[in-house]
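Novice: Those protein sequence lines, which keep their order, are chains R, A and C.
Those letters in the first sequence? Residues 20 to 577, per this note's numbering, in order.
Those letters in the second sequence? Residues 7 to 250, per this note's numbering, in order.
Those letters in the third sequence? Residues 788 to 891, per this note's numbering, in order.
Simulated from the structure, these hints should not be mistaken for lab results.
Accuracy of the hints is not assured; some may be wrong.
Said to hold, decoys possible - With a straight-line Cα cutoff of 25 Å, these simulated SDA-like cross-link-like pairs (lysine to any residue) come out: (1) C:K796 <-> A:G118; (2) A:K117 <-> C:E795; (3) R:K126 <-> R:W528; (4) A:K117 <-> C:Y799.
What the hints assert, rightly or not - Facing chain A, from chain C, some residues (calculated, C-beta under 10 Å): (5) K848; (6) I853; (7) D882.
We put the beta carbon where it would ideally sit given N, CA and C, even for glycine.
Residues per chain are reported as follows:
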Amino acid sequence: MGKSYFDETHCAIGHPKSTFMQWMLTVDHKRIGIMYAVVMFTFFFVAVAAALTMRFELFSPGQQYIEAQTFNQAFTLHGVIMIFMFIIPGIPAVFGNIVMPLMIGAKDVSFPRLNWFTFWLYIFGCIVALTSLFNFNISEGEVLFKFADTGWTFYAPYSLNTDTNVITTLVAGFILGMASILTGLNFLVTIHRLRAPGMEFFKMPLFVWGIYATAWIQLLATPVVGITLVLAILEKYFGIGIFDPSKGGDPVLFQHLFWIYSHPAVYLMILPAFGIMSEIIPAFSRREIFGYRTIALSSASIAGIGYLVWGHHLYTSGMSDTAKVIFSFLTFFVAIPTGIKFYDWIATMYKGKIILATPMLWALGTIITFAVGGLTGVTIAMVGADIHLQDTYYTIAHFHYAMLGGVVFLLFAGMHYWFPLVFGKMYNETHAKIAFALNFIGFNVLWFPMFIAGYMGMPRRYFDYLPEFQIYHQISFIGALIFVTGLIYMFTVLIRATKNGKPCGPNPWNATTLEWHLPSSPPPLENHTKVPYVDFRPYEYHHGQPVVKFDENMRRID
Amino acid sequence: MAHDSHDAHDSHVYVPEIAVDREGKEHVVQGWQGDYEGGKLGFWLFMLTEVMMFGAMFLALTYYYTLHQQDFLIASASLNRWLGGFNTVVLLFSALTMGLGLLKMRHGDVKGAKLMIWTTILLALVFLGVKAVEWTAEYHHGIFLGLDALQSGNEHSKPFGQILFFGMYFTMTGLHGFHIIIGIGLMLWLLKRINAQKVTPDHNILHFNIALYWDLVHLIWVFVFPYFYMIGAGDIAGGVVHGH
Amino acid sequence: MVTSYLIEKVGYYKVLIGLLLLTVVTFSLPEVVVSKYTFSAQMFIATVKAWLILMYYMHLKGEKTIGWSVLFSLLIVAFFFSIVMIDVNNFQYTDVSHITSPTK
Ligand code: HEM
């Protein structure tokens, strides 16, 4: 067997000898994807720690462990990390990088050096965010926890008045946004230019469609929040007045501009996740996907409609009634393409030869949790209901079901699906399944009670609460413990498998897309030794067996 | 991103791969190396992000224009229209020289191309100089970020609409000026690449993209200029209000 | 080769003349048009200028993918404008709002 991408690499600058420098300077899309994953999950656990701190504090009413102010900083830290450093780079940065070029038969992304630069821009953004954590008072030897306390939304005017380190956090947000834009740009050009000969748009795997739709959101929506953060910074430094009511500035305008990005951003998170689902479902049902075109086009239309619905975050902010009605109406439309996808997946499984491997378990679990997240979303899209539920734990539970139970679960599904591709080894499936069970149960125990508490009026971002909500918070706490145990278990299983896993060959799942037809496992540096001519659809199965087969020169032999 | 189109190992020439289909027909595989169309597409996509950024700022501007129309017109009338107009013409000519430079490069006249790029840089500096004169004059009129006139609640305070107008004026012309500075930097870098023969008549994607960037900077000014300098030009009776 | 160079060069100058003329119009228009329309007239001229620059200086003519991308992003911006403008134009709280009628 030849060398794999772990053994050799191309670098952005020079030809360093040391393995460490080879990783730092690598332009190989697979290595860059792995590095993103390592950094992202590190931050993920920091944010989970912040969340656990909050859960401890909320175990009973009144103050226990931390001050009210620290609680505010904790949920801001949790939100900022989870959103800007974890889930926005998220699936595109990891699997978009690792598998998307493999799926279209490319040797790398279109601008490999830009990709390298983007990764370091992301790291730079993370470092800036870390600097906003503490203020050091050298003369007194004090370290003050000064992270922003505004919530991850930085709403004006409070964000302009607070004396915590909002500016550095905004700068970090801007830099991370730039990194996200450049990732999207790179992927768009890659998908337009580097598809293998014969692969038309409607022959691309659906994950590539998800990445494509996402990239458009990254490209066109992120600049809006970028400039909003810049305006907020200028406001704080120079007092340009734009968001400051004492000069006539309108805080509602800040909310408009912020959500013009941040709402499409949630589709930016979920679309590639749906893409992963569309890969896993046919592979483990051994059937061609039902309604390929509808799934592809629904990704595109979700991305399109996603731009038009930001206003549903502003129902209670003093927007005009006309605009509220328009936004409510438009928001319902998002549910249609999403629903289409769900029915397509279920129709794919119907009469399929379902194999309950770990990735499939995660995917099936997500069908349940995301359905809950999505449907509760429709309830709060209604202006009337939202006036009541806005800023309660109902909303919090809704988006945790959608983001944690949707995006992150599917990210985990993708991790289990592509793990053997990336490392050439297989993890212990029994243990992985136990981990799934813990996560799934823990997650529901953690968040379901919060729907009820929220419905009864438990407000979000509160450090204290009325005694009648105690029981829900305590159930939720237990759920959090189970969930975090499950997380640690899962990562332990995977990390141990990188060392001790059994070698599994290039196509352990009998899947059909191009990334499973590599010459060796793990893949070599420049991917497919020969690029195939693609005159087939991505998921062709016949009697539960893949139809398309290749010889060692990647010519079809069926 | 433009320089990515050079292979990391430009020592050996890139030979595209061939894929063979079932009939034995051969198809050229597009590689990322030396992909002119890809480089162009990538840069256009980048420019779209700029469009969205300035689009969002114009949105904010229009938001306040709707709320404070009269104040906006008054504030606009107080800007120096002739300096702004002069700068408009300067940028217009710089767009021409940049375009001609690219044309010369594509037709093999490297020396002429370099001359044109230098001319563009010169015009860009003129633009910045005029801008500096304008801002200084405004500062002496007491209108600048941080001065009393643009703060609320003192005896010099301007009305809300005017504070917002000037706040956005300094922000947007400032950011536009920042783009001009970046543009000058890019052009100097381009000259360096031309001298190093990394940009040649047959390999001019970098030149092409920087010319595009310069046009974009011009394009933004095409909207910034009338929005700030011209909207207050006609007075209620239909005549002209002249600035200071 | 040489002729195509000349043709393109003449093209650049033609566009330049067009843009210069439009700049002149920008300046003389407020003398003629009622000020109520100054804003729309100015924006209209700017749009024509932008179109010239895009099509000829930036060579957008004949670009398919890029042309659609530009159109798509412009449509999105237009949508942002229309909705936000609907919102401010229907602002219901003028009497009570601090920002529209300050300190009385
Ligand atoms: C270990 C799992 C998690 C737990 C226990 C958890 C817990 C919490 C808690 C207790 C809050 C504060 C609610 C409040 O008082 O308003 C919160 C807020 C939030 N969470 Fe999570 N969360 C988890 C995972 C995630 C993930 C995976 C994401 C996203 C991608 C996420 C995104 C957010 C956001 C954006 C907020 C709002 C922050 C703010 O109010 O500014 N969380 N979470």
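Novice: Would you settle whether the hint for D882 (chain C) is holds or violated, based on the nearest Cβ-Cβ distance to chain A being less than 10 Å?
Specialist: violated (14 Å)
Novice: Check whether the Cα positions of K126 (chain R) and W528 (chain R) lie no farther apart than 25 Å.
Specialist: holds (23 Å)
Novice: Please work out if K796 (chain C) and G118 (chain A) have their alpha carbons no farther apart than 25 Å.
Specialist: Holds, because 13 Å separates the two Cα atoms, which is no more than 25 Å.
Novice: Holds or violated: K117 (chain A) and Y799 (chain C), Cα atoms, limit 25 Å.
Specialist: holds (19 Å)
Novice: Against chain A, with CB atoms and a cut of 10 Å, does the hint on K848 (chain C) hold up?
Specialist: violated (14 Å)
Novice: Starting from K117 (chain A), check that the Cα of E795 (chain C) is at most 25 Å away, please.
Specialist: holds (19 Å)
Novice: The hint names I853 (chain C) as touching chain A; please verify it with the least Cβ-Cβ distance against 10 Å.
Specialist: Interface hint status for I853 (chain C): holds (5 Å vs cutoff 10 Å).
Hints 5, 7 from the list above are not met by this structure, while the remaining hints are.
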